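> Construct the complete structure from the given sequences, taking the supplied hints into account.
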Amino acid sequence: MSFASTFYNAVAKRNSVYVSAIFASAFGFSVGFDAAVTSFWDKWNQGKQWKDIRQKYIQEEES
Amino acid sequence: MSTFNVAKKSLNLAPTVRTLPSGVPHASRLNLAARAPAGDHHGHDHSGARSDVPRRLTGAYRSPSAGLVSKTFSTAPPTTNLRLLHTSAVAREAPEVPDFSDYEAKSSSTNRALSYVIVGSMGVLSASVAKSAVTGFLETMAASADVLALAKTEVELASIPEGKNVIIKWRGKPVFIRHRTQGEIEEARNVNWKTFRDPQSDEDRVKKPEWLVMVGVCTHLGCVPIGESGDYGGWFCPCHGSHYDISGRARKGPAPLNLEIPPYDFNDVDGNLIVG
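Chains as they are written, first to last, in full-length UniProt numbering: chain A, 1 to 63; chain B, 1 to 276.
Quick caveat, the hints were computed from the structure, so don't treat them as lab data.
Remember, predicted model here, so these are calculated numbers, not experimental data.
Among these hints, one or two may not hold up.
Unchecked claim - List time: in silico DSS-like cross-link candidates among lysine-lysine, alpha-carbon distance up to 30 angstroms:
#, chain 1, residue 1, chain 2, residue 2
1, B, Lys169, B, Lys208
2, B, Lys152, A, Lys51
3, B, Lys169, B, Lys207
4, B, Lys194, B, Lys207
5, B, Lys164, B, Lys207
6, B, Lys252, B, Lys207
7, A, Lys13, B, Lys106
8, B, Lys252, B, Lys169
9, B, Lys152, B, Lys169
10, A, Lys43, B, Lys131
11, B, Lys173, B, Lys152
12, B, Lys208, B, Lys194
13, B, Lys131, A, Lys51
14, B, Lys152, B, Lys208
15, A, Lys13, B, Lys173
16, B, Lys106, B, Lys164
17, B, Lys208, B, Lys252
18, A, Lys56, B, Lys152
Stated by the list, open to error - Computed beta-carbon distance windows for the label pairs:
#, chain 1, residue 1, chain 2, residue 2, range
19, A, Phe23, B, Glu154, 36 to 46 angstroms
20, A, Phe33, B, Val147, 21 to 31 angstroms
21, B, Ser107, A, Tyr18, 17 to 27 angstroms
22, B, Ser108, A, Gly28, 25 to 35 angstroms
23, B, Glu203, A, Lys13, 26 to 36 angstroms
As the list claims (entries may be wrong) - Computed footprint of chain A on chain B, listed as stretches where at least three residues anywhere in the stretch have a Cβ under 8 angstroms from a Cβ of chain A:
#, segment
24, 120 to 126
25, 208 to 220
Each residue gets a CB set at the ideal place from its N, CA and C atoms; glycine is no exception.
In structure tokens, the structure reads:
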């Protein structure tokens, strides 16, 4: 059985399974999308955020 | 049999139009063999007039020396050499359907699965967008970070000796913090709490047995009870005489409920209690 017919029989044959799979993947997609955008943001603003420069100021206060 | 043939012949009329075996339609009284006048043939005999001169119209007259002669040709000469545009469709034996096999899906099951995948991905994206829109709208109603920071109160637990009460202010209300002794803990845990007005075990009311944290508002009418007093060694409300025990449970008087427990947490690293 090919992958296409496996997918159809497993997911798309019943509408209840299909819609549930859509909502489940929407949840996973939003989590993954959020993580991807956050990592991109951190990489783009590297060295500018407080969590990046916090170490510097904490050390100065301690010394 | 012959009579039947005779009857059949008499019943079937001869066709008015028929096609000769050569493909030429046969119509009696129409002379298809009529020729154009000499010299007006186009193309084939180059001895004649040039083919690019304007042709004469169907009816023409000439004026030779014998006088005016009018002549009508039986067949009009063609007006152009090539007739590329025509409105008559070419008759065919059967309708010829173009070959669409290059455009057809190779496998119908793959095609079906692909359609479902595309529709499903659209659904995934729209559901995700809808969820983000709803949560983004709801987040505008949530308290902002500065409000949340003001809504918390921190207490340094090391400054409270054992067996002492501390009253702090949290969101405009007094909060009792009691550092209970071991004897008070045993006293609170050994009573039969199931017979109380508001039955609640001491384990449910504290997170750490030595620290009792309560909102210091009497559940009767909202006075502030007095600590280390009353018949049960806990709190006593002077307004209407409600008695609370060492776990803050209503034991006597008009108070219907135990003293309320606020949400609180221990910060073990700094030794702090965070109320709120």
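> Evaluate each hint against the coordinates.
Hint by hint, here is what the structure shows:
no.	hint	in the structure
1	B:Lys169 to B:Lys208	21 angstroms, holds
2	B:Lys152 to A:Lys51	23 angstroms, holds
3	B:Lys169 to B:Lys207	20 angstroms, holds
4	B:Lys194 to B:Lys207	20 angstroms, holds
5	B:Lys164 to B:Lys207	18 angstroms, holds
6	B:Lys252 to B:Lys207	25 angstroms, holds
7	A:Lys13 to B:Lys106	21 angstroms, holds
8	B:Lys252 to B:Lys169	26 angstroms, holds
9	B:Lys152 to B:Lys169	10 angstroms, holds
10	A:Lys43 to B:Lys131	26 angstroms, holds
11	B:Lys173 to B:Lys152	12 angstroms, holds
12	B:Lys208 to B:Lys194	21 angstroms, holds
13	B:Lys131 to A:Lys51	29 angstroms, holds
14	B:Lys152 to B:Lys208	20 angstroms, holds
15	A:Lys13 to B:Lys173	59 angstroms, violated
16	B:Lys106 to B:Lys164	84 angstroms, violated
17	B:Lys208 to B:Lys252	26 angstroms, holds
18	A:Lys56 to B:Lys152	29 angstroms, holds
19	A:Phe23 to B:Glu154: 36 to 46 angstroms	41 angstroms, holds
20	A:Phe33 to B:Val147: 21 to 31 angstroms	29 angstroms, holds
21	B:Ser107 to A:Tyr18: 17 to 27 angstroms	21 angstroms, holds
22	B:Ser108 to A:Gly28: 25 to 35 angstroms	30 angstroms, holds
23	B:Glu203 to A:Lys13: 26 to 36 angstroms	52 angstroms, violated
24	120 to 126	holds (count 4)
25	208 to 220	violated (count 0)
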